[in-house]
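Produce the entire structure from the sequences given, and follow the hints as far as they go.
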Amino acid sequence: MLNINILKDGGKAVYSLEGRLDTSTAPQLEEAVNGNISELNDLSFDFAKLEYISSAGLRVLLSTQKTMNKQGKMVIKNVSEEVMEIFDVTGFSDILTIE
Amino acid sequence: MKKTFECEAKIENLNTATAFLEETLEEIGCGMKQSMQLCVALEEIFVNIAHYAYAKTDSSGKIIPDTGSGQMSLTLVAEDGKVYMIFEDEGIPYNPLEKADPDVTLSVEDREIGGLGIYMVKKSMDDITYENKDGKNILTLMKKL
Chain A
19 MLNINILKDG GKAVYSLEGR LDTSTAPQLE EAVNGNISEL NDLSFDFAKL EYISSAGLRV
79 LLSTQKTMNK QGKMVIKNVS EEVMEIFDVT GFSDILTIE
Chain B
2 MKKTFECEAK IENLNTATAF LEETLEEIGC GMKQSMQLCV ALEEIFVNIA HYAYAKTDSS
62 GKIIPDTGSG QMSLTLVAED GKVYMIFEDE GIPYNPLEKA DPDVTLSVED REIGGLGIYM
122 VKKSMDDITY ENKDGKNILT LMKKL
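As you go down the protein sequences, you meet chains A and B in turn.
For the first sequence, the positions run 19 to 117 when the numbering used here is used.
For the second sequence, the positions run 2 to 146 when the numbering used here is used.
It should be emphasised that the hints constitute simulated quantities derived from the structure, not laboratory data.
Note that the coordinates shown come from a computational prediction; the quantities given were computed from them, not determined experimentally.
Just so you know, even glycine gets a beta-carbon here, dropped at the ideal spot from N, CA and C.
Hints may contain errors.
Below, in silico cross-link-like pairs of lysine-lysine (DSBU-like), each with a Cα-Cα straight-line distance of 30 Å or less [stated by the list, open to error]: (1) B:Lys100 - A:Lys84; (2) B:Lys57 - B:Lys144; (3) B:Lys34 - A:Lys95; (4) A:Lys84 - B:Lys124; (5) A:Lys26 - A:Lys67; (6) B:Lys34 - A:Lys67; (7) B:Lys145 - B:Lys57; (8) A:Lys67 - B:Lys144; (9) B:Lys123 - A:Lys95; (10) B:Lys34 - B:Lys124; (11) B:Lys124 - B:Lys144; (12) A:Lys84 - B:Lys123; (13) B:Lys145 - B:Lys134; (14) B:Lys124 - B:Lys83; (15) B:Lys3 - B:Lys145; (16) B:Lys137 - A:Lys84; (17) B:Lys4 - B:Lys134; (18) A:Lys84 - A:Lys95; (19) B:Lys83 - B:Lys134; (20) A:Lys84 - A:Lys26; (21) B:Lys63 - A:Lys84; (22) B:Lys11 - B:Lys63; (23) B:Lys3 - B:Lys63; (24) B:Lys134 - B:Lys3; (25) A:Lys67 - B:Lys11; (26) B:Lys134 - B:Lys144; (27) B:Lys123 - A:Lys67; (28) B:Lys124 - A:Lys67; (29) B:Lys124 - A:Lys95; (30) A:Lys67 - B:Lys145.
With beta-carbon atoms standing in for the labels, derived distance ranges [as the list claims (entries may be wrong)]: (31) A:Asn23 - B:Leu98: 34 to 42 Å; (32) A:Glu48 - B:Ile65: 20 to 28 Å; (33) B:Met143 - A:Ser111: 20 to 28 Å.
Next up, the structure:
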């Protein structure tokens with residue numbers, strides 16, 4: 019289960035995720051991101067309520083980061099200790115901007 | 002403690018397998034961090050089996066994911082402060098440990114996602130063994146609690 023709450027204002031958007039970002043839910047996030055990404059230059063993800071992430075979720079974050087590198091910035095906020103551990107192991111903590 | 006969960010090797014059954022694991026980990030009082038690592042390991046291995054173990058090949062020998070079907074099982078053993086997850090299937094012989102590790106130091110532009118799942122499993126488990134016996138793939142993951 020994944021809930022995605024989107025606050026969008028012009029070229030700026032905040033995606034707050036709640037639940038699990040896994041094989042079953044990653045396509046949901048991909049779709050929600052792709053719906054707006056062409057208009058964005060400032061994208062934030064709030065992971066305060068994200069409990070779980072697997073490689074399927076990392077795949078979406080990587081492709082989104084690649085797109086945002088060309089047109090603006092992307093940051094991830096409020097990463098839990100458990101999710102941070104996954105970012106560290108996979109080297110994602112070096113390629114993502116985590117605040 | 003030893004429990005087995007059997008299902009058809011399909012992505013749709015991942016949530017039920019995860020619930021089976023979480024329930025068992027709760028019973029034995031596993032911490033949050035280790036519980037997440039075990040759940041990620043389950044997902045990565047399960048998804049691999051579901052996509053590829055029973056997949057058919059096209060005329061050029063290329064594997065087409067999510068074709069074909071077959072059974073798989075997950076056995077959980079908890080003893081002496083260790084949890085074992087044993088995955089069995091009767092599909093194409095495949096040893097995930099032979100897959101080369103991805104380069105996790107590359108820049109965003111050069112990063113590829115392939116191989117990241119099994120790499121996460123290797124990094125978070127304390128021991129992994131693979132054997133092919135009696136036509137079965139048997140992958141055993143061990144995590145110290």
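Cross-check of the supplied hints:
1. B:Lys100 - A:Lys84: Cα-Cα ~25 Å, so holds.
2. B:Lys57 - B:Lys144: Status violated; Cα separation ~33 Å.
3. B:Lys34 - A:Lys95: Roughly 19 Å between the alpha carbons, so the hint for B:Lys34 and A:Lys95 holds.
4. A:Lys84 - B:Lys124: Distance of about 25 Å is within 30 Å: holds.
5. A:Lys26 - A:Lys67: Roughly 19 Å between the alpha carbons, so the hint for A:Lys26 and A:Lys67 holds.
6. B:Lys34 - A:Lys67: holds (15 Å)
7. B:Lys145 - B:Lys57: violated (37 Å)
8. A:Lys67 - B:Lys144: holds (26 Å)
9. B:Lys123 - A:Lys95: Roughly 27 Å between the alpha carbons, so the hint for B:Lys123 and A:Lys95 holds.
10. B:Lys34 - B:Lys124: holds (14 Å)
11. B:Lys124 - B:Lys144: Holds, at roughly 11 Å.
12. A:Lys84 - B:Lys123: holds (26 Å)
13. B:Lys145 - B:Lys134: Satisfied, since the Cα-Cα distance of roughly 26 Å is no more than 30 Å.
14. B:Lys124 - B:Lys83: Given that 30 Å is the threshold and the Cα spacing comes to 16 Å, the pair holds.
15. B:Lys3 - B:Lys145: holds (16 Å)
16. B:Lys137 - A:Lys84: Distance of about 40 Å is beyond 30 Å: violated.
17. B:Lys4 - B:Lys134: holds (21 Å)
18. A:Lys84 - A:Lys95: Measuring from Cα to Cα gives roughly 18 Å; hence the hint holds.
19. B:Lys83 - B:Lys134: Holds, at about 24 Å.
20. A:Lys84 - A:Lys26: Roughly 20 Å between the alpha carbons, so the hint for A:Lys84 and A:Lys26 holds.
21. B:Lys63 - A:Lys84: With Cα atoms ~29 Å apart, B:Lys63 and A:Lys84 stay inside 30 Å; holds.
22. B:Lys11 - B:Lys63: holds (20 Å)
23. B:Lys3 - B:Lys63: violated (38 Å)
24. B:Lys134 - B:Lys3: holds (21 Å)
25. A:Lys67 - B:Lys11: Roughly 28 Å between the alpha carbons, so the hint for A:Lys67 and B:Lys11 holds.
26. B:Lys134 - B:Lys144: The hint holds at about 23 Å.
27. B:Lys123 - A:Lys67: holds (27 Å)
28. B:Lys124 - A:Lys67: holds (25 Å)
29. B:Lys124 - A:Lys95: holds (25 Å)
30. A:Lys67 - B:Lys145: At roughly 27 Å apart (the allowed maximum being 30 Å), B:Lys145 and A:Lys67 satisfy the hint.
31. A:Asn23 - B:Leu98: 34 to 42 Å: For B:Leu98 against A:Asn23, whose Cβ atoms are near 40 Å apart, the range 34 to 42 Å holds.
32. A:Glu48 - B:Ile65: 20 to 28 Å: Cβ of A:Glu48 to Cβ of B:Ile65: about 22 Å, so the range 20 to 28 Å holds.
33. B:Met143 - A:Ser111: 20 to 28 Å: holds (26 Å)
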